[in-house]
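There are 2 protein chains.
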Amino acid sequence: MGVIFLQCRKIAPMTEFDLIDKYFKRSPAHAALGVGDDCALVSFDPSQQVAITTDMLVEGRHFFAGADAFRLGWKCLAVNLSDLAAMGARPRFFTLSFALPDADEAWLAQFSRGLFALADEHGIELIGGDTTKGPRTISITAMGEVPHGQALRRDAAQVGDEVWVSHEIGGAALRLFERWGRTSIPTAQVEHFVSRMETPTPRVALGLALRGLAHAAIDISDGLTGDLRHILRASGVGARVELAKVPTAQLIRERMAGAERDLMIECVLAGGDDYELCFTAPRSAHARIAQALSELGLRGGVIGEIVSGNELVVADETGARVTLPKSFDHFG
Amino acid sequence: MGVIFLQCRKIAPMTEFDLIDKYFKRSPAHAALGVGDDCALVSFDPSQQVAITTDMLVEGRHFFAGADAFRLGWKCLAVNLSDLAAMGARPRFFTLSFALPDADEAWLAQFSRGLFALADEHGIELIGGDTTKGPRTISITAMGEVPHGQALRRDAAQVGDEVWVSHEIGGAALRLFERWGRTSIPTAQVEHFVSRMETPTPRVALGLALRGLAHAAIDISDGLTGDLRHILRASGVGARVELAKVPTAQLIRERMAGAERDLMIECVLAGGDDYELCFTAPRSAHARIAQALSELGLRGGVIGEIVSGNELVVADETGARVTLPKSFDHFG
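In the order they appear, the protein sequences are chains A and B.
So the first sequence is numbered by this note's numbering: it starts at 424 and just counts up by one.
So the second sequence is numbered by this note's numbering: it starts at 424 and just counts up by one.
None of these hints come from the bench; they were simulated from the model.
Any given hint could be a false lead.
[Said to hold, decoys possible] Calculated pairs, DMTMM-like style, for lysine to aspartate or glutamate (alpha carbon to alpha carbon, straight line, at most 20 Å):
#1 Lys668(A) x Asp739(A)
#2 Lys668(B) x Asp685(B)
#3 Lys556(A) x Glu482(B)
#4 Lys448(A) x Asp578(B)
#5 Lys556(B) x Asp527(A)
#6 Lys749(B) x Glu482(A)
#7 Lys445(A) x Asp527(A)
#8 Lys556(A) x Asp444(A)
#9 Lys749(A) x Asp441(B)
#10 Lys448(A) x Glu544(A)
#11 Lys448(B) x Asp578(A)
[To be verified] Some chain A residues judged to face chain B by a derived CB distance under 10 Å, without partners named:
#12 Ser450
#13 His453
#14 Met479
#15 Met510
#16 Ser535
#17 Thr554
#18 Val617
#19 Ile641
#20 Gln673
#21 Leu674
Ideal Cβ placement from N, Cα and C applies to all residues, glycine included.
Taking the hints into account, I'd like the entire structure generated from these sequences.
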């Protein structure tokens, strides 16, 4: 279809409205009014608070030019679902705005397939959007629900809490460093790390399970230490983390003992884009959280504890303090 | 401040978090949790539906490179408020995502001033956002409230309805054509038409006044005939419009009788970016709507009527049918 379109587009180009109708308009399942009016209309459950997040992805910054469209559609929504997960919210509705250099139907077909594959997994409904010509940029705003008082906020960590990470981290950064030529990945493992970077799994089910168990939570998008620091700053506490306890891929762990140690530490502590959750919880919740992780097939665990003060200390295998690599900053 | 920043930015650059804190973070007035967590948390009134809209503005497409930052901040929010107005919704919350080529503080200070100037006029609260480096692109998602069953939808026009336009249209397009060198504007009137293009006034108060009076409504962003056609298609009706009744600036009306007739008709019928409302209402509501327009200082009025069929016919001063200019389409 893409090829036919490309051949005949000068004769019968699709308008932006055709594109929206063809690839993004579906009958609303939960919205009172979905795509196609000035606004969507939805009702939320009054016993719940509405959790709202927004993320923008820019070509060349968040994804490579020529990135697979299916995976990109998935990822654009995944990063927003990850924010809902980190709040303990159940996904409900999202809007999608994007700029594209041209109305490439083959690309849109794949992009929308990837987007809806993840949306359908989580029962979240696309209710509106905006399409324009411009440098490839995708902006999604997602809405979820969480019962009053049960949201996992950043400012709720308490001294004595255990600090958890939901699953292995550093893998997305390893793939990025490989693309940049700074390291290599054995052929048999490339697909694993590509998936970590390009089709992250938002930990929505875990976020829901953590309601009433965890105190504070954040998703790891910019790097563990940078993101954990947001919790510490908001909660007015410090943390002590053990590098050896941070869950990561076996390949990264092995290389951490060798010549690439610094780069691997950077992957694990400062590598963004894994979209695992970092959260704090009282020791009394330990067994239930460990069980929830296990039931979800996640190899996460406790990486340290919340302490008084405002410092983040990461200790290596010998107990020595690790010099923390810089977390990602878009204007840094 | 901008200058100082530019001088010292290599020594002490602001991070994206500093930028958000400095220019966009305020204490939440109505949100339970505002900017600074994974999500914002808000509660909506259960007697209301939530109206949600999103718009993305791209440099070179929706605004000129070098556009005044204050006016741009205003306009980015205005186009979203206009969608809420066209739904009869009361503005409540919005999110803001943007890509910027660099962290230009002088620009951000002006942009945020313009944004909040309009936000404060309407009591709408910024609850979250995302900042990244990239081609200058701004994406806003706005949420408002409207009582169940009172939203002004596109699919509610009825045969016999009068078709209204809220105020003069075509002015934004005139300014655009002047920028493109296709026409001129007398010096004394330039500022008027610049304002029409760069700082449109979303008709929120009118949208609220039209609840229970109007049947269908849309905001004129892509051009009168194109936008009215959305109502006709959604409602399964046609319309007959009289060109002479469409409210427009005196300058445009005068020129419509001369050599620039075709260009002026294009401004009025196909010029987007005015963000006036086009709506349909039963004749029984005529007096109350006319009074609402008058109280709001708007020079709008009835431009035609809804008829059976699916055709849009615009008649000129002699009753002859006007060949309709093409409305704006981003991929056209």
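Cross-check of the supplied hints:
1. Lys668(A) x Asp739(A): The hint holds at about 9 Å.
2. Lys668(B) x Asp685(B): holds (17 Å)
3. Lys556(A) x Glu482(B): holds (10 Å)
4. Lys448(A) x Asp578(B): holds (16 Å)
5. Lys556(B) x Asp527(A): violated (25 Å)
6. Lys749(B) x Glu482(A): With Cα atoms ~31 Å apart, Lys749(B) and Glu482(A) exceed 20 Å; violated.
7. Lys445(A) x Asp527(A): Measuring from Cα to Cα gives roughly 13 Å; hence the hint holds.
8. Lys556(A) x Asp444(A): Measuring from Cα to Cα gives roughly 17 Å; hence the hint holds.
9. Lys749(A) x Asp441(B): holds (16 Å)
10. Lys448(A) x Glu544(A): holds (18 Å)
11. Lys448(B) x Asp578(A): holds (16 Å)
12. Ser450: violated (14 Å)
13. His453: violated (12 Å)
14. Met479: At 4 Å from the nearest chain B Cβ, Met479(A) passes the 10 Å test, so the hint holds.
15. Met510: At about 4 Å, which falls below the 10 Å cut-off, the nearest Cβ of chain B leaves the hint on Met510(A) intact, so it holds.
16. Ser535: violated (16 Å)
17. Thr554: The hint holds - Thr554(A) has a Cβ within 10 Å of chain B, the shortest such distance being about 6 Å.
18. Val617: violated (22 Å)
19. Ile641: This hint holds: Ile641(A) lies near chain B, its Cβ roughly 6 Å from the closest one there, short of 10 Å.
20. Gln673: At about 29 Å, which exceeds the 10 Å cut-off, the nearest Cβ of chain B leaves the hint on Gln673(A) violated.
21. Leu674: This hint is violated: Leu674(A) lies away from chain B, its Cβ roughly 29 Å from the closest one there, beyond 10 Å.
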